[in-house]
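S.K.: Chain by chain, the residues run as shown.
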Amino acid sequence: MSIQLTFLLVYFAAMVVIGVWVMRRSGAGPEDYLLGGRSLGPAVTALRLQSSSMSGYMFLGAGSLGYTQGYFGMWYALGDIGGGIINLSILGRRMRKLSQILGSITSIEYLEHRYPSKWTRLVAAPIALACILFYVLAQFIAGGRGLEMVSGVSYPVALAVAVGVIVLYTYLGGYLAVAYTDFVQAIVMLLGMLWILIATLWAVGGLGEGNRAVAELDPNLLTMWGKDLAFQGEWGIIVGALLVFSVGYMGWPHVVVSHMAMKRPSVARSAGVYALGFNILFIPGPYLIGLFALLLVPTLADPELAVFKVAETILPPFAVGIVMAAIMAAIMSTADALLLQAGTIASQDIYARFINRGMSDGQMVWVSRLIILALAVIGYAVAAVDPPGVAAVVIFATTVLGSAFVPVYVCAVWWKKANVPGAIASMLVGAVVSVGWELADLSSRTGLGPMLVGMVCSTLAIVGVSLATQRSHPVPERIRRAIEETAKVGRIPASLLAGQDSQLAAQAAIAGRE
Amino acid sequence: MFNLPPFTVAMILGVPAFWVVYAAVFLYLSRNYDEADE
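Residue numbers (the working numbering), protein chains in the order written: chain C, 1 to 514; chain B, 515 to 552.
Don't take each hint at face value.
[As the list claims (entries may be wrong)] Label pairs and their calculated CB-CB ranges:
1. C:E477 to B:D551: 25 to 31 Å
2. C:L229 to B:F516: 18 to 24 Å
3. B:F521 to C:A392: 25 to 31 Å
4. C:T6 to B:P520: 43 to 49 Å
5. B:A538 to C:Q470: 33 to 39 Å
6. B:D551 to C:G164: 36 to 42 Å
7. B:L527 to C:A381: 29 to 35 Å
None of these hints come from the bench; they were simulated from the model.
For each residue, glycine too, the CB sits at the ideal point set by N, CA and C.
Using the sequences plus the hints, can you model the full thing?
M.R.: Have a look at this one:
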């Protein structure tokens with residue numbers, strides 16, 4: 001067995017041990033399974049937020065962008081660096097408080113409670129589920145490819161092992177296991193990325209010398225305008241690239257659920273600082289490694305393998321094993337969060353809400369696990385038979401999620417006039433416009449990215465439709481009071497928690513205090 | 515600097531600097547968040 005594979009197996013085993021350890025500490029109810037009992041501190045919140053949103057894209061897609069477009073790829077990185085602090089500063093404390101007042105334990109249920117209509121959930125759940133399935137598919141492909149490279153086994157076998165490990169520890173302890181493994185994986189990712197970045201810079205003679213050598217190949221690669229200067233003056237595309245991973249991921253249900261799981265509202269402050277620090281250290285790495293791969297592995301047939309190949313070329317075998325573990329960490333930390341979220345949406349937000357309302361909590365957890373298994377099998381089948389490109393799938397799925405959900409999540413806590421018709425119109429317009437823009441390839445014709453167009457349209461929809469329907473569909477008084485209370489920095493009055501789910505530990509504590 | 519065009523340098527240093535300033539402003543404005551802790 002190669003030393004790389006040994007490292008990887010040790011790493012997989014360590015993740016399972018963490019999952020089992022956390023499972024023994026977890027309670028059995030839905031709040032424990034889906035929100036970790038709202039018990040997460042700043043470091044776990046921040047690193048879970050970052051690692052679950054970074055994915056195999058950072059090692060495959062980002063490296064590929066650096067390799068093919070040079071410093072143009074940095075537009076994505078520069079937006080991404082601010083993603084955590086934007087998310088936590090705009091949504092963090094308010095979403096934590098409002099979700100608690102409304103008694104919500106899933107990010108889609110939260111939308112239905114804030115915009116009280118079954119149609120809110122009927123529209124939100126399928127859009128989120130479809131995008132998450134696309135996204136998780138990309139993670140499976142990335143995991144399978146990585147494992148195939150390290151182990152030498154065939155792609156279908158490597159894919160089966162990667163999917164099996166991800167499902168196993170998603171099963172173990174629900175959200176808490178996922179959050180703690182994501183936390184550990186974020187640290188592994190950071191160390192692996194820094195190691196390979198430092199080795200890359202060493203191999204090319206430093207940043208300045210590496211840039212000089214790249215300029216000899218093609219000086220355009222050092223500009224922010226891409227190879228052949230194709231994006232010069234294309235500000236619509238550039239703003240879209242900046243938005244997709246900064247503002248965009250305030251609309252990702254599997255990411256914003258982190259706000260609801262924070263132990264205390266003040267966690268948002270320190271988590272924001274941790275997230276920014278992590279991002280500054282981690283995010284530019286794969287883009288730079290991809291760029292300098294042009295010097296180290298100049299004849300790559302598949303640019304998505306740039307980071308893998310650089311690691312294999314310049315690092316000693318044991319270090320390649322550690323870096324591969326970091327790569328698998330990025331992939332698995334996103335895939336488990338996605339699978340858990342998909343299972344939650346399918347079981348809690350669709351099955352338990354519309355099909356079998358009498359399920360017990362224990363049954364709900366088991367339905368969620370069965371659905372996760374079914375989704376993993378479907379994902380495996382698609383990824384094994386006809387795997388699409390990872391970067392394209394991730395950018396497509398995240399663009400649709402951002403376009404459909406950013407305005408409804410932001411307006412939920414910041415604008416009390418946002419009502420049911422406005423929210424439904426916004427989600428539908430955001431999803432339809434961004435998908436249509438992508439399918440019709442309107443970006444190249446108009447110079448405007450789908451993210452930018454999708455978000456502008458969905459924002460206009462929620463504002464326009466909400467204002468136009470204020471008389472026919474006023475926001476209920478109890479929701480208005482909840483939003484007014486959410487705007488205040490302070491403890492939740494017990495009167496606002498009356499009639500909510502007494503099983504929610506944090507609410508019970510507050511209700512008992514007053 | 516780093517053998518890069520000036521605009522590239524301005525962006526790769528300037529945008530992260532903007533996020534650091536943003537974070538500092540957020541920390542200042544949210545200094546009373548612990549009042550909401552249970």
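S.K.: If a hint holds in the structure, say so; if it does not, say that too.
M.R.: Hint check results:
In this structure the supplied range 25 to 31 Å holds for E477 of chain C paired with D551 of chain B, their Cβ-Cβ distance being about 28 Å. The given range of 18 to 24 Å is respected by L229 of chain C and F516 of chain B, whose C-beta atoms sit roughly 20 Å from each other. Here the CB-CB span from F521 of chain B to A392 of chain C is close to 28 Å, well matched to the stated 25 to 31 Å. Evaluation of the 43 to 49 Å hint for T6 of chain C and P520 of chain B yields a pass: the beta carbon distance comes to about 48 Å.
Between A538 of chain B and Q470 of chain C the beta carbon distance is about 38 Å. The supplied range of 33 to 39 Å therefore holds. Separation of D551 of chain B from G164 of chain C is about 41 Å and conforms to the stated range, judged on CB atoms against 36 to 42 Å. Between L527 of chain B and A381 of chain C the beta carbon distance is about 46 Å. The supplied range of 29 to 35 Å is therefore violated.
Checked against the numbered hints above, the structure violates only hint 7.
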